[in-house]
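These protein sequence lines map, in sequence, to chains A and B.
Residue numbers for the first sequence follow my numbering, so the first one is 1 and each next one is one higher.
Residue numbers for the second sequence follow my numbering, so the first one is 1 and each next one is one higher.
Be a bit skeptical, because a hint or two may be false.
[Said to hold, decoys possible] List of simulated lysine-lysine pairs, BS3-like, C-alpha gap at most 30 Å:
{"id": "1", "chain 1": "B", "residue 1": "Lys5", "chain 2": "A", "residue 2": "Lys65"}
{"id": "2", "chain 1": "A", "residue 1": "Lys65", "chain 2": "B", "residue 2": "Lys290"}
{"id": "3", "chain 1": "A", "residue 1": "Lys65", "chain 2": "B", "residue 2": "Lys352"}
{"id": "4", "chain 1": "B", "residue 1": "Lys352", "chain 2": "B", "residue 2": "Lys290"}
[What the hints assert, rightly or not] Computed, partial: chain B to chain A, Cβ under 8 Å:
{"id": "5", "residue": "Glu30"}
{"id": "6", "residue": "Gly120"}
{"id": "7", "residue": "Gly226"}
{"id": "8", "residue": "Leu292"}
{"id": "9", "residue": "Arg294"}
{"id": "10", "residue": "Arg298"}
Just so you know, the hints here were simulated from the structure itself, not pulled from any lab data.
Predicted model, so just to flag it, every value in this text is computed and none were measured.
All residues carry an ideal CB built from backbone N, CA and C; glycine is no exception.
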Amino acid sequence: MSFNVPADRRYLESHEWTTTDGDSVRIGITDFAQDELGDVVFVELPAVGDEVTADEEFGVVESIKAVSDLLSPVSGTVTDVNEELFDAPERLNQDPYGDGWMLEVEPSSDEEFDDLLTAEEYREQIE
Amino acid sequence: MGLRKPPLRETHAAAGASFTEFGGWEMPVEFDSIRTEHAAVRESAGLFDVSHMGEIEVAGPDAPVLMNRLTTNDVGELDPGDTQYACITDEEGIIVDDTVVFRFPDDGADPRYLFVPNAGHDAEMYDRWVEHRDEWNLDASVRNTTEEWAMLALQGPDAPDLAAAATDGSTRDVDRFGAAFLDVAGVRSFVSRTGYTGEDGFEFLCPWDEAETVWEAFDCQPCGLGARDTLRLEMGFLLSGQDFDPEEEPRTPYEAGVGWTVDLDTEFVGRDALERVDREGADERFRGVKLLERGVPRHGYEVVDADGDHLGHLTSGTMSPTLGEPIGLGYLSTDEAPPGTRVRVLVRGEPKQANVVSPPFLDR
Chain A
1 MSFNVPADRR
11 YLESHEWTTT
21 DGDSVRIGIT
31 DFAQDELGDV
41 VFVELPAVGD
51 EVTADEEFGV
61 VESIKAVSDL
71 LSPVSGTVTD
81 VNEELFDAPE
91 RLNQDPYGDG
101 WMLEVEPSSD
111 EEFDDLLTAE
121 EYREQIE
Chain B
1 MGLRKPPLRE
11 THAAAGASFT
21 EFGGWEMPVE
31 FDSIRTEHAA
41 VRESAGLFDV
51 SHMGEIEVAG
61 PDAPVLMNRL
71 TTNDVGELDP
81 GDTQYACITD
91 EEGIIVDDTV
101 VFRFPDDGAD
111 PRYLFVPNAG
121 HDAEMYDRWV
131 EHRDEWNLDA
141 SVRNTTEEWA
151 MLALQGPDAP
161 DLAAAATDGS
171 TRDVDRFGAA
181 FLDVAGVRSF
191 VSRTGYTGED
201 GFEFLCPWDE
211 AETVWEAFDC
221 QPCGLGARDT
231 LRLEMGFLLS
241 GQDFDPEEEP
251 RTPYEAGVGW
261 TVDLDTEFVG
271 RDALERVDRE
281 GADERFRGVK
291 LLERGVPRHG
301 YEVVDADGDH
311 LGHLTSGTMS
321 PTLGEPIGLG
331 YLSTDEAPPG
341 TRVRVLVRGE
351 PKQANVVSPP
361 FLDR
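Modelling step: build the complete structure from the supplied sequences, incorporating the hints.
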């Protein structure tokens, strides 16, 4: 099975993705992750203003069969949360790179983003 | 030791199934999605491969004595072609396994039985039966036929029509909890009107090497163990190794809500201990909880009262696909948390409001 791994973002081994527009980063989970989880039924995310830390848990995603911690790709302050996921967690299955985004974070440094896996490196991990 | 594989392992892989280890078997957990498969069973029909379930056959003049010595129910109540749910308990009355006992329809002079231990329990149950037979000097044969029979389950409101079409209508004569030998797509099979989803349906025991013919006789949604788990959970049915386990979760049938399988008028292993529990009552009972806040109840979560005092714990839980509500099963204080009590479920440490209910969650 072939999974979508867009080239315009960076990845964690634990299957989170992140994009940056220079100022803030957006965070979600990959197509591979949503497929492994199956039907997503619940998402727990931090609130705007909360701090997140690179490689540490920032929330939880639950499918019918499993619970998974979400790890942050970067350290920084949460500036936006996709609250629509609380009522429609199935968006994570339907559009993990688009409507299923989770957080926006203002990172405390640029360096962590550069340390993340490239699309090519992540694809090698899941294939 | 490698995993045991059902006869249709490669057929399922070709259909795109993902697999999981269950009771030492490599079984399909999901074909399309749990939600899709679950809905098919509730609304139309779904087909499961449950060949990981064990089969032990017991025959001979003393077969009824041996069966009654080792199961909590009374096989004397079974006529040929009848089935019965029962527990298998140890000397303390703790459930070692739960099972369905079939009396073969064509058993002639001596009753002949087949019972279905849970996945991975077949060798242990075979040994248990043989040991007790020898100890009691009983005239009965015991055979472990787990890898001779494949077991398929067709479940859902459309199951009667699909089964009738594959058997020239002969399944129409099989009553609820009845069983018969019938040809299914030309394969001689042992067919019972049983299942573990709460829906009408059939279970087919067919020869291992002819399982594919029977599997392909039904044009409906293939389902994995993921949907089987959510379906049984909505009905409050026990899952062996999770809702009870002689090591991790030792429970009597009374605690587990299946006291109706215990016939104290028969002499069986664990009878005296269970008579005591029946007389004195159990401190905890198997109950359902419905979360009133966002979150999903899961195995191992603690249940407390408004002051944070312990009331029990959950053994199973999920987001109910049928109800769209978070539901759980577990053991709660009989006196302090009867159905109707407002409790808190600690979801990763956070107390979430929940109501105690009496399973099943669905009216079926």
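Verification of the hints:
Among the hinted pairs, Lys5/B with Lys65/A is consistent with the structure: their alpha-carbon atoms are about 22 Å apart, no more than 30 Å. Among the hinted pairs, Lys65/A with Lys290/B is consistent with the structure: their alpha-carbon atoms are about 17 Å apart, no more than 30 Å. Restraint check for Lys65/A and Lys352/B: the C-alpha separation of about 20 Å stays at or below 30 Å, so the hint holds. Taking the CA atoms of Lys352/B and Lys290/B, the gap is about 10 Å. The hint holds against a cut of 30 Å.
The closest approach between the C-beta of Glu30/B and any C-beta of chain A is roughly 6 Å, which is under the 8 Å cut-off, so the hint is satisfied. Annotation: Gly120/B was flagged as interfacial toward chain A, and the flag is violated, the nearest CB pair being 20 Å apart, outside 8 Å. Given hint, Gly226/B at the interface with chain A, holds; its Cβ is 5 Å from that chain's nearest Cβ, closer than 8 Å. A distance limit of 8 Å between C-beta atoms decides the matter here; for Leu292/B the minimum to chain A is near 14 Å, and the interface restraint is violated.
Hint status for Arg294/B relative to chain A: holds, with the closest Cβ pair at about 7 Å, below 8 Å. A hinted interface residue such as Arg298/B counts as satisfied when its beta carbon comes closer than 8 Å to some beta carbon of chain A; here the least separation is about 6 Å, so the hint holds.
Going down the numbered hints, you'll see the structure goes against 6, 8, while the others check out.
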